[in-house]
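So the protein lines, in turn, are chains A, B and C. The first sequence stops at residue 286 when you use UniProt numbering, and every number in between is there. The second sequence stops at residue 285 when you use UniProt numbering, and every number in between is there. The third sequence stops at residue 265 when you use UniProt numbering, and every number in between is there.
For the record, the hints were derived by calculation from the structure and aren't laboratory data. Beta carbons: idealized from backbone N, C-alpha and C, even for Gly. Careful: at least some of the hints might be erroneous.
Simulated coverage check for chain C against chain A, where a stretch passes if three residues somewhere in it have a Cβ under 8 Å from a Cβ of chain A [claimed, not checked]: (1) 40-47; (2) 126-137.
Beyond 12 Å from chain A on every Cβ pair, some chain B residues (computed) [claimed, not checked]: (3) K7; (4) S28; (5) G132; (6) L133; (7) L138; (8) S146; (9) Q186; (10) R191; (11) G195; (12) N204; (13) E210; (14) R214; (15) V224; (16) T250; (17) E258; (18) D266.
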Amino acid sequence: MSVLIDMSKVYFQYLRNQSDNQWLLSDINLSIEKGEFVAILGANGSGKSTLAKHFNALLVPSDGKVQINGMDTREEQNKLQIRQTVGMIFQNPDNQLISTIIEEDVAFAPENLGLPPEEIHQRVDWALNAVDMSAYRLHTPFKLSGGQKQRIAIAGVLAMRPQCIIMDEPTSMLDPSGRASVLRTIHRLNTTFGITIVLITHHLEEAAQAQRILVMDRGRIVMDDPPESIFSQFELLHQLNLGIPPITLLTKRLQRHGIDLPANTMTADKCADAIIAMLEAHHGNH
Amino acid sequence: MAIIELKHVHYAYGVGTSFEKQALNNISFSVDPGDFLAIVGHTGSGKSTLIRHLNGLLRPDSGQVFIHGKDLWSQMKDRRSVRFQIGLVFQYPETQLFEDTVGKDIAFGPKNMGLNEQEVKQRVQEALAFVGLDASYLERNPFRLSGGEMRRVAIAGVLAMRPSVLVLDEPTAGLDFDGRALILQQLEQFRIKSGAAIILVTHNMDDIAEHAQRVIVLHEGRMVLSGTTASVFSEADILKQCGLDVPQITRVLIKLKERGLPVRTDAITLEAAEREILKLFREGG
Amino acid sequence: MARDLTVGQFLPGHAIMHRLDPRTKILLTFFFIIQVFLAKSTVSLCFLIILLFLFIFFARLSAGKVFRAVRPMIPVIVFTALINIFYVPGDSVLHFAFLHITKQGLFTGFTLFVRLTVLIVGCSLITYTTSLNALAAGLEQLLSPLAHLRVPVSELSMTLTITLRFLPSLSDEFEQIVDAQKSRGAFFDQGSPIRRIKSYFPVLIPLFMSAFRRAFELANAIECRCYHGGKGRTKMNTLHFAGRDIAAFLVFTALFFLTIIFNFI
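Working from the sequences, and respecting the hints, build out all of it.
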């Protein structure tokens with residue numbers, strides 16, 4: 001695999017040379033490879049969004065270096081190429097859609113890239129299909145649900161044919177079915193199209209679906225592990241104000257009674273499966 | 001006597017146009033002092049239309065809304081006063097802050113009630129304390145606070161009217177775990193200390209499981225389920241049809257039951273779920 | 001929430017009015033406006049009304065709804081018409097004190113009422129049948145020669161598109177903030193004008209804050225989608241005049257002259 005995002009010794013603050021050195025990001029060293037599904041977890045104000053904005057040159061480091069496919073984000077002439085490579089989705093779908101017709105909205109990025117009309121058409125078809133919204137091509141976004149709007153926003157980014165998409169809390173304004181549909185879409189992008197996903201969230205359940213979780217606290221990356229090992233570090237999660245999923249709490253309680261469920265039971269399904277397996281073993285011994 | 005009682009409320013948007021939509025269809029329920037009621041439903045199910053009926057922002061097409069036993073639309077002259085009794089906190093309430101200090105913003109409601117300066121001051125301090133902020137916040141600029149603090153200031157602005165029912169639309173949306181837990185804990189405190197009822201509109205089933213006594217499920221403008229929290233969550237299939245989840249704990253139990261294990265699926269707390277599962281291990285197969 | 005048809009709203013469809021090139025529609029709307037002001041006689045005004053119904057038919061819209069949408073503007077139309085009733089000199093029909101109502105005034109007032117209604121309804125048809133983006137694209141292409149004079153045509157059209165896109169969102173938000181402040185006991189319709197304006201501060205300030213926040217987020221979002229001004233931008237749907245556009249121009253020219261001829265009947 002090859003490295004897509006590479007950050008070394010990155011520090012950031014909005015105003016340079018502030019006397020009290022209030023770094024919003026400090027000493028970030030990170031590399032994300034092509035095809036990965038990474039979640040960035042952290043409480044409000046931990047620096048998640050600031051970090052994410054460095055991945056596509058919306059912000060550039062005050063100190064240190066960020067490279068996307070080897071391109072330095074501080075070089076002005078790289079910006080367009082970087083933004084094509086790394087797309088970004090924000091929290092509020094309403095504030096990302098620029099057109100009153102879905103098809104025209106999805107075409108916005110390819111139009112900015114100066115592509116010929118036939119290719120724009122192809123990309124719009126493909127992108128709408130990838131988020132399962134082809135039927136809404138000529139609709140207006142006003143009447144869609146939040147989840148559908150967010151999928152249109154994703155199609156709008158997909159139309160650039162990016163290698164990576166950064167999702168900055170894409171589900172926090174959605175209802176459960178909207179959230180589920182967006183998460184399904186994100187998974188499909190990763191598995192079917194091999195698009196690198198960076199999902200920023202403060203929901204542990206969402207982060208649990210990634211292959212790798214980065215936990216942030218006060219501008220630093222404090223953990224960088226697969227979900228299983230992150231979730232077993234119970235006390236640390238608690239200290240970082242991330243809360244603990246109810247399933248993990250249940251597992252913990254059962255463990256106290258000698259029911260030794262594995263630490264990676266983070267979803268209801270896995271938990272139920274583990275309990276059944278334990279039960280069979282338990283009754284088998286009698 | 002019930003503080004709020006709705007009887008057969010109907011409401012439609014865009015009557016006579018191609019956009020006509022029956023937003024509420026035969027809604028009846030009542031809220032007593034000290035109740036903790038949750039209203040759930042996916043986007044467009046009629047929740048926001050419903051809460052606008054509770055304090056007279058919308059008038060039902062047919063049916064009645066009673067406040068303390070009086071018909072809001074035929075027996076009450078001063079309908080504005082109802083807004084002080086039924087406090088409504090909208091989604092993302094921090095976007096409605098407008099004053100340059102926290103104190104002045106919270107005072108907006110009490111001032112509109114026509115209270116004297118001394119009383120207003122007292123209400124503001126009391127409300128600020130309920131949301132866990134100290135007096136040093138009074139002179140601060142609300143727009144410089146963190147998202148969670150802004151949200152609490154906005155809620156305080158409604159608490160300061162000392163409503164007998166507090167209605168909140170997704171008060172924890174977009175907050176992290178800490179912010180969410182804090183607000184819910186403060187609301188629970190307010191309910192216990194003031195004796196007010198709370199109506200919580202939310203998608204977060206785990207929050208409901210933890211706090212609500214009763215749940216109403218709305219789907220396409222109708223009440224499809226209504227009852228105690230445990231009884232509503234035991235109807236996992238209906239909830240699913242309405243585009244809703246059950247709490248994760250309940251989901252584990254439902255999975256176990258599907259596999260033929262004898263567990264009760266109306267266990268919604270950690271303790272109850274733990275008990276149910278331990279029972280399986282003890283009973284043996 | 002939209003409860004009724006509103007002027008400026010786009011209703012997607014496939015009627016002939018929808019399929020015309022936006023440039024054609026813009027130009028013909030201009031023609032129509034001139035025509036309305038050139039129509040002087042009762043016959044030519046009646047002719048315009050018949051035309052209007054034909055256009056509504058060709059747009060496959062319900063005439064009732066289209067006229068109902070103009071309702072909010074009726075006070076302005078009536079006011080303008082009334083002024084004419086009192087100020088046009090001629091044969092006096094009624095008079096109190098210094099006010100005279102003249103026959104000519106009544107006629108002018110009435111025709112003005114008809115003319116303004118026809119004008120507004122006529123102009124509203126283009127918005128029902130043309131997406132805002134198509135309108136912006138049409139304007140952009142019509143005005144593109146100005147780009148040689150260093151007029152930032154593409155940027156202006158982008159600004160227009162975005163403004164139109166966000167108007168409904170802001171109007172929803174306005175309603176929501178009004179409801180929220182009403183829920184805190186705010187009242188908006190009492191006292192002197194200054195007090196009334198002041199009473200709107202609790203709504204206007206949050207609305208401005210929200211508009212700024214949206215603008216900021218949107219700026220980020222379009223930057224992420226590689227927007228870098230109009231330079232090098234292409235269009236998915238480039239506009240092409242079709243046979244029907246040429247036909248529309250021909251028909252319109254004929255109608256135009258008919259209106260003028262009817263002036264002399």
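We went through each hint and held it up to the structure:
no., hint, in the structure
1, 40-47, "violated (count 0)"
2, 126-137, "holds (count 3)"
3, K7, "28 Å, holds"
4, S28, "25 Å, holds"
5, G132, "15 Å, holds"
6, L133, "16 Å, holds"
7, L138, "23 Å, holds"
8, S146, "6 Å, violated"
9, Q186, "16 Å, holds"
10, R191, "22 Å, holds"
11, G195, "30 Å, holds"
12, N204, "9 Å, violated"
13, E210, "9 Å, violated"
14, R214, "20 Å, holds"
15, V224, "15 Å, holds"
16, T250, "8 Å, violated"
17, E258, "8 Å, violated"
18, D266, "16 Å, holds"
Checked against the numbered hints listed earlier, the structure breaks hints 1, 8, 12, 13, 16 and 17; every other hint is satisfied.
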